[in-house]
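**Q** Chain residues, written in single-letter form:
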Amino acid sequence: MLKVENLTVKYGVIPAVMNVSLTVGRGQIVAILGANGAGKTTTLKAIMGVLRPASGQISYQGEDITHMSPSNRVRKGIALVPEGRGIFNRLTVEENLLLGAYSRSGNDVIMKDLKEVYALFPRLEERKKQIAGTLSGGEQQMLALGRGLMSKPQLLLLDEPSLGLAPLVVRELYATISRIREQGVTILLVEQSAAVALGASDYAYVLESGSLKLSGKPEELKSLEDVKRVYLGG
Amino acid sequence: MKQGIRAEWYFLLGGLLLFGGAFLATQFLNRYLLYILVLMGIYSIATVSLNLTNGYAGLFSLGHAAFMAIGAYTSTLLTFPLALREAYELPMLPAFLGGPNFVWPFFPAICMGGVLASVAALLIGAPVLRLRGHYLSVASLGFVVIVTTLAKTMKGLTRGPMGISAIPSYTNIYWTYLWLLITVYVIWRIVNSRFGRAMMALREDETAAQVLGVYPMKYKLMSFVVGAFFAGVAGGLYAHFTKAIRPFEFSFFLTFQIVVMLILGGMGTTAGPIVGAVSLLTLRYALKPLEEHLKIYGLIEIIYAVLLIVVMLFKPEGLVGQKRGVKKITVGGKSSA
Amino acid sequence: MFSWSYFLQQTMNGVILGCIYALLALGMTVVYGILRLINFAHGALITVGAFFVYFIFFRAGINLAASLLLVLGFGGLMGLLLDVIAYRKLRGGPEVALLITSLGFYTFVENFMKMVVSPQPYSFKTPAYLAVMYKTSLLTFRSIDVFIIVSSLLIMFIFNLFVKKTRMGIAMRATAENLEVAHLMGIEVNRVIALAFALGSAIAAFTGFLWGAKYGQIAYDMGFLTGVKAFVAVVVGGVGSIPGAMVGGFVLGLAEILSIAFLPTRFAEYRDGIVFGILILVLLLRPSGLMGVKEEVRV
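Going line by line, the protein sequences match chains Y, W and C. Each number in our numbering corresponds to the 1-based position in the first sequence with 12 added. Each number in our numbering corresponds to the 1-based position in the second sequence with 60 added. Each number in our numbering corresponds to the 1-based position in the third sequence with 275 added.
It is worth saying that the hints were derived from the structure and are not from the lab. The structure displayed is predicted, hence computed values, not measured ones. Beta carbons are placed, not taken as given, at the ideal position from N, Cα and C, and that holds for glycine. Hints should not be assumed to be uniformly reliable.
Listed below are the simulated DSS-like cross-link pairs for lysine-lysine, each with C-alpha atoms no more than 25 Å apart in a straight line [to be verified]:
#1 C:K400 <-> C:K410
#2 Y:K141 <-> Y:K124
#3 Y:K164 <-> C:K439
#4 C:K439 <-> Y:K127
#5 Y:K140 <-> C:K400
#6 C:K439 <-> W:K375
#7 Y:K22 <-> Y:K225
#8 Y:K15 <-> Y:K127
#9 Y:K127 <-> Y:K141
#10 Y:K124 <-> Y:K164
#11 W:K303 <-> W:K348
#12 C:K364 <-> Y:K22
#13 Y:K140 <-> Y:K164
#14 C:K440 <-> Y:K127
#15 Y:K225 <-> Y:K15
#16 Y:K127 <-> Y:K140
#17 Y:K88 <-> Y:K127
#18 Y:K164 <-> Y:K127
#19 Y:K15 <-> Y:K124
#20 Y:K141 <-> C:K439
#21 C:K410 <-> Y:K124
#22 Y:K15 <-> Y:K229
#23 Y:K88 <-> Y:K164
#24 Y:K141 <-> Y:K164
#25 C:K440 <-> Y:K141
#26 C:K400 <-> Y:K164
#27 Y:K88 <-> Y:K141
#28 C:K439 <-> Y:K140
#29 Y:K124 <-> C:K439
#30 W:K215 <-> W:K303
#31 Y:K124 <-> Y:K140
Ranges of calculated distance between the beta carbons of each label pair, as one might list FRET restraints [as the list claims (entries may be wrong)]:
#32 C:F432 <-> W:N252: 36 to 46 Å
#33 W:L182 <-> Y:P179: 47 to 57 Å
#34 C:V425 <-> Y:N48: 49 to 59 Å
#35 C:S278 <-> W:I242: 57 to 67 Å
#36 C:I360 <-> W:F71: 43 to 53 Å
#37 W:F374 <-> Y:G145: 38 to 48 Å
#38 C:A340 <-> Y:D120: 35 to 45 Å
#39 C:Q395 <-> W:G74: 18 to 28 Å
#40 W:R249 <-> Y:I26: 43 to 53 Å
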């Protein structure tokens, strides 16, 4: 589905991500773990095309998309739910959702998908005319997810979805993420809190200061001593 | 500290050379060229002071014409000969200044012009600099309009649109270059102090600088106020040089010229503003015969504007400046075309 | 001294000036919202628009309706060109680069007009059917006054409809709020910005005509103060807010006219000073404007 090879991204002259390679298979949930500043968000942004890599290649469904614009990537079925959710606070809930479908055409299909998103998040339907800035943190995360789904993605990139949410809400969120996967969407997510992400994913990569440190199945990683120590607080 | 002392010697040496040059200029150049040299000095003072605010502190003030106007009118009124005061009838001139034995000498009068410009900057800056964004640009531009409006309407003090003429001609090449030296030295000292470093840290990254304990308001305000002081000085020198001032001379176009000089020379550099002022005035006086010959007025302004746009698009660091490393990340703007 | 008729008359004048400021402020607030740019070139469009109508309507004799459509198109094209050839290149750099460049554009246009057209003002004759006088016991007005109010309200209504209901309009508001996320949504940000410039400039050029038709005189430098005052209206209403821009325009227009109407005559000369006095007062007391949201810190 997605293949990243030897990705290097620099901010000015400072590299934020060095030589990172990873693959995401269709229908999987893959997690990228790592501390603050390890280069997780940078990797996602490069996959989305908002940051241009200094070197390396990104291919999606067998096609090289390294130099494709973000809007074309959206059309190809990639969507990013940014860190901090990136809700348009001054727009209504429904306007936010419709913007998710910005790159698509066909009003009827979009309205049908809107219904589906509302079915997945009934709370959003109740508040569709409300200004998004007035939603609670959990509701905003749902809105961000729903907005991501509105682009009808095949690959959904989630940046720190659990950030700032109460444990109960996080559990609810991850249940939703699993349901999204069951509908056939591949998911690549980035988390600082490894425990919850490992519990939900099929495969995980660990980044440290911009480089790939470890990768493996969650159960393998969980058993490794340094992962336990550093990321699971055990 | 050792380095500081050495730099001071350079200033002294540079000053001596400057005065030697000025002396030679008075001996060998004709009056027209001398006139241009003095004007270059005055504009350099204005541009160097704008550089403190707009180049080093990263604010963007458009208020220089107003501060120059304040300096010009202040020093004019303070030094105005007693005989003319009566002839001019300026009823709004404060009594203690209008009295019989009260004419200020040149130097303190110029300083006072600077001080009043600073006070004005303090009054404008205090509310506006708390805000982010380009509020300062609009507010300072508005201030130019307010000051020119006042200069036109407070006839009892400024004689309104007809302006004040027969101002004593005190400004000469020596005074001008002395003040230029003072301006460059003071601003150089500020920029190379802890204060200056904090100021530049703010320009680069306000949030990060705040984390390090730099309070933006104080630094921004200081740079704005000091910049205004020397703008006031430049205004005073200008008044005593051209011997006549009228409100419209201090309109937005004056600010614009100084901005172009600064951008052309290079914002945030020591030599840039002077290079910019000198080269733009050279261009102006080189083109003047052409403009008069062809009778196409506005040509010089058009050239200024084109120059400004071209510099911004193709050499934003100016003639003297060095390319600054790309620090900011573009928000996808480039890859999406 | 005070009479209702005088008050009404002056209020109407204030509303008309307010219409003009509000129309200009619309374009400025959208552009500022997205790019944090005080677009001084906006003022140039007023001048250019006024002279454009002067030449094609009065000189070339094209009928008024066609002239007005043409001036809208011409203004839009100018705005688009400005964005594509200059502003686009500067995006992502320091914000101040845009401001300086727009100043350069304004000065260029002003002096170009001065050189090519004339340093003297032109008199702009209102066509006869727009100069019909109506007298009532309380109010005297001309048909142009009605035309200005109606056309301005219409433009504002359409603009609002566009921004609220259309895909592109919603995208524009989204871009103004968060450019990066807008980009993530697949919004072609550059296209949205170009459209914002084109729309704002079209309206500004049209406003140039309104100005000429109402006040009877156009000059090469008419756009400068008017443009800057329109930005003051943006600040008064709350930077980046579209309803704020309109409210700010009306508040400023009324404040400007009513303050000179009710102050002693000798204060008439202070008119421009008063406007910027209001600006500084607003910045002092309520920097987010009447309807503004607090400006988010952009890193």
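**Q** What are the numbers of the hints the structure violates, in ascending order?
**A** Checked against the structure, the hints that fail are numbers 5, 6, 8, 19, 21, 26, 27, 32, 39, 40, while the rest are satisfied.
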